[in-house]
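Participant: Model the full structure from these sequences, guided by the hints.
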Amino acid sequence: MSKIRIVTAASLFDGHDAAINIMRRIMQSKGAEIIHLGHNRSVHEIVECAIEEDAHGIAITSYQGGHVEFFKYMKDLLNENGCGHIKIFGGGGGTILPQEIDELHHYGIHKIYSPDDGRKLGLEGMIQEVIDACAPGENKEGAKNNFWQAPKNWESKLPLQEVKDIRKIARAITLCELGMEVPENFIADESTGAVVLGFTGTGGAGKSSVTDEFVRRYLNNFTDKTVAVISVDPSKKKTGGALLGDRIRMNAISHTRAYMRSMATRDDNTALSGYVQEAIDICKKAGYDLVILESAGVGQSDASILDYCDLSMYVMTPEYGAASQLEKINMLDYADVICINKFDKAGALDAYNDVCKQYKRNHQLFAAKNEDVPVVGTIASQFNDAGITKLFTKLLQVIQEKTGKTFGEISASTDGEATTKSLVIPAKRVRYLSEITDAIRGYNKWANDQSDIATKLYQLNGTIEMMEKEK
Amino acid sequence: MPLQALKNKQEELEAKLEPAVKKLLDQWKDLQDKYGKDIFEYTVRDKVIKQDLITTSLSGTKIKKVVLPRYKDWGDILQWMLQENVPGEFPYTSGVFELKRQGEDPTRMFAGEGGPERTNKRFHYVSNEQPAKRLSTAFDSVTLYGEDPGHRPDIYGKIGNSGVSIATVDDAKKLYSGFDLCDPKTSVSMTINGPAPMLLAFFMNAAIDQQCEKWIKENGKESLLQEAFEKKYARLPKPSYYNPASPERLPEGNSGLGLAMLGLSGDEVLPQDVYAQIKAHALSQVRGTVQADILKEDQAQNTCIFSTEFALKLMGDVQEYFIEQKVRNFYSVSISGYHIAEAGANPITQLALTLANGFTYVEYYLHRGMHIDDFAPNLSFFFSNGMDPEYSVIGRVARRIWSKAMKYKYNGNDRSQKLKYHIQTSGRSLHAQEIDFNDIRTTLQALYAIYDNCNSLHTNAYDEAITTPTEESVRRAMAIQLIINREFGAAKTENFMQGSFAMEELTDLVEEAVLTEFDRINERGGVLGAMERMYQRNKIQEESLHYEMQKHTGEYPIVGVNTFLNKKGSPTVIPTEVIRSTREEREQQIQNLQAFWKRNEAQSAQALQTLREVAINNGNLFTQLMETVKYCSLGQITHALYEVGGQYRRNM
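Same order as they appear, the protein sequences are chains A and B. Residue 77 in the working numbering sits at position 77 of the first sequence, with consecutive numbering throughout. Residue 544 in the working numbering sits at position 73 of the second sequence, with consecutive numbering throughout.
Hints were generated in silico from the structure; no laboratory data involved. Where hints are given, some of them may not hold.
Using 16 Å as the maximum straight-line C-alpha spacing, the simulated EDC-like pairs for lysine to aspartate or glutamate come out as follows [said to hold, decoys possible]:
1) 480(B) / 438(A)
2) 878(B) / 438(A)
3) 478(B) / 465(A)
4) 878(B) / 560(B)
5) 111(A) / 132(A)
Facilitator: This is how it looks when you write it as structure tokens:
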């Protein structure tokens, strides 16, 4: 059966993301796969995402006004690009007036929820309605479902000024995920023999931020090259739903030369979806120059990404515990490049030394210098981080060594040492709040002590006065 | 016990009393004398000010403005002086100024809708006949996110809605026209964060150019102005102030000041030395606040546009500029708990997160090499005032914590120790059911705030839960404050709540709760470390959920919402009509912007390039922005800075 895939976001110039976060959680719990974009998203970004992800629906909250224009524009953009089958849902509490809701429904927005709907249906009821409306049904000959009929509208121009037909690529991946046949010649073979780069690492290491910074540099540097990113997140065993959350961090991906597809692991109890190979093959066939495969967070033993890629990178942080933990990490044997992200964390330099040492041991390179080992410290959260630039250069170098492929000249390169953070708060000052609480509690205690003395003095003073009078 | 033994004991104890404390106790008598008089004398920046210390009621009772405790025990007196004290004395628990400013209510007049002309008219309407012009500006969401108005529908619909559209320095000139921005009685607050440095540069230039305009008129140099216009606008239309809703005239109260220089910067008109002099003077005079609090944006409000680190750099640049240019009367940041509370935090969390953010700015500015006393007086705070009991002491605790930390941790002087704050009644506590009841909530919250000696107050309109407030509802909201300040007898005493057992207990409890929260944040690596783990965000969400649950079950009673419903069940009130910007206004904003681009075409590309270079070379970006805004629009600048500072990366 098809999984329901829904793109969720808050409207452009709108930071109110509390409601959409609650909604998407309920959708996930009902088994939907959610591609969450977060707040402040333009219509173009949302539509591009929905098309690339082959979503069934888009759910938006809008609390900042301009909703009539926003939703209509979204509908227009979907229609213009042959994707009118993607259903739009919205809500904005009391900011969207009843007559505006009517106007939007009339225009083809599937449903705008009012506070009254919320009270009538309850949150769960509302979400169930959305999920039911999105269900595409089975792909049967003659079925009237718009989702399955959509490809009929895809013979015209390429969508959204993209350099490839992202609609077909997206649908082909969907078909594979459902175990269905992709019609022959559905995607024209423009294969250039893409390099497949695998990014894996522990959960929370910042893989998507590293990927985003890599993609940004790639698109800026090679202005005629294309990239496809396939990103995998786990499905929840209990509900079958998934939060596909990598796109929220990706600022660079909304680009005519970039494609991104988020995949849930679905039934497989692994860091990768069982259909990853098919998705890669589709992107290769479509002619992307580079395919990046980003796995879900993995444990120490997982090296499954190696089955799919030409070369791989392992992303970790300095916070792995004792150095002996490194001996257990399989990817330190196999990764072509190791990225220690969050290099501003305490112990980063020790981590760098430890990881280099482990790498040398694993590769019998006992005489090698740290500089010659492919280990790079990065701070992906820092803009234009020198470490990431070094990592970028390193990866391209390894690609060339291993596959003989180059993408062009690299304009920005740094040969600098591992990255250093231009610290907002210097490391030795980081306990400032504790110093403040100490100062204040110290003052309060001192005030109490001094007052106690003053009270005793007052009492003594009174007693002495009394005694002197009596004398 | 013989007398001598007692005297020995007395001596022994006296030795344990610290000299500073002895001095305080010695001063007690003087303090009693000082506050026993009818007239109070004090000095502000070397000026002796005399103010009445009493008001007389209709019944003839003399009501003191500040009342001292009647304690006799030295320990009680000392404890009171060390933890409470009179307003204007450390630790400033009851207020940072000796007495309230006369002739100036802490009311802020709030506006922001449509184009600059419409908002300007509203500003003049709400401040008419107020001796002090205290304006508060709400910007539309396009501006809040640093973009320019445009025809793209997802932008178009938002132009001039829920705030005013400001894209250029000329828009700012129109917005504040007719208010002398360098008059000490004018104070402007701007609710803007991500693009705050740009909007601030718009404002500063508007203020400078107003003074240039005054100089031109006073010195009869109109010919210079004319020449400059002819030079720049040979074949181009001149920008003008035009309100499509009332095209015939300037709004009542608008003298036109600031409009003569529309489309020109003072340095395009005046000799450079004259301009420099006027600029320096204007910068030393302007009074107001820009919110610019990027930490709470990341924690609660989500109008971040730049990477957090770059946004912090911009804030630091503004503060450095303020120090260099002696901008003494303008707050470079309004460290805000309001949005944290609106997002669902309880009052303790609001206070703790906000103060912690404040101390983070302090640490960052110190790290950049600024001196504590050079910047601490430029910091201000902004809190929300809801119904919870802790709100009755939020100002007291904030002042007490800040002053103790400033004095004992940072060695700051008196000015640095004084925490000044604006407070707004809670928007979240207003409901869309039985909206008439909302004014009652706002009144009680305003009373909390005024008793707590806030420095500035905004009272929400009762219909804000459902729509943009109307002139009628805004007037009622302002009346709430005026009635408390002018009519309400208890508010004549400026430390009315001091000495209440309950207040003292609550103050201690909340202070300790805030310190405990500081410890928790500290364990997570300080404010920035905690933000990386989304600690603040999650905490706010949890507390929001707690409130919603209790509201849902009725455990937390809300009259007319979940209890005491009317016969019809107190249904949600739906507005029949909402104030929205008109098509004409939006088109006007876009046209004005395009004309601005056109006439500055020759300079804008170079100006943006210079700005980028300053960023790359780690120069002061605000110094440069003061020049950039003369030729570039908000959106142009934002995009140029994205290239050198990085865009905000969302997280969850």
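Participant: With reference to the structure, classify each hint as holding or not holding.
Facilitator: Each hint, compared with the structure:
no.: 1; hint: 480(B) / 438(A); verdict: violated, 32 Å
no.: 2; hint: 878(B) / 438(A); verdict: holds, 13 Å
no.: 3; hint: 478(B) / 465(A); verdict: holds, 11 Å
no.: 4; hint: 878(B) / 560(B); verdict: holds, 12 Å
no.: 5; hint: 111(A) / 132(A); verdict: holds, 12 Å
Of the numbered hints stated above, the single one contradicted by the structure is hint 1.
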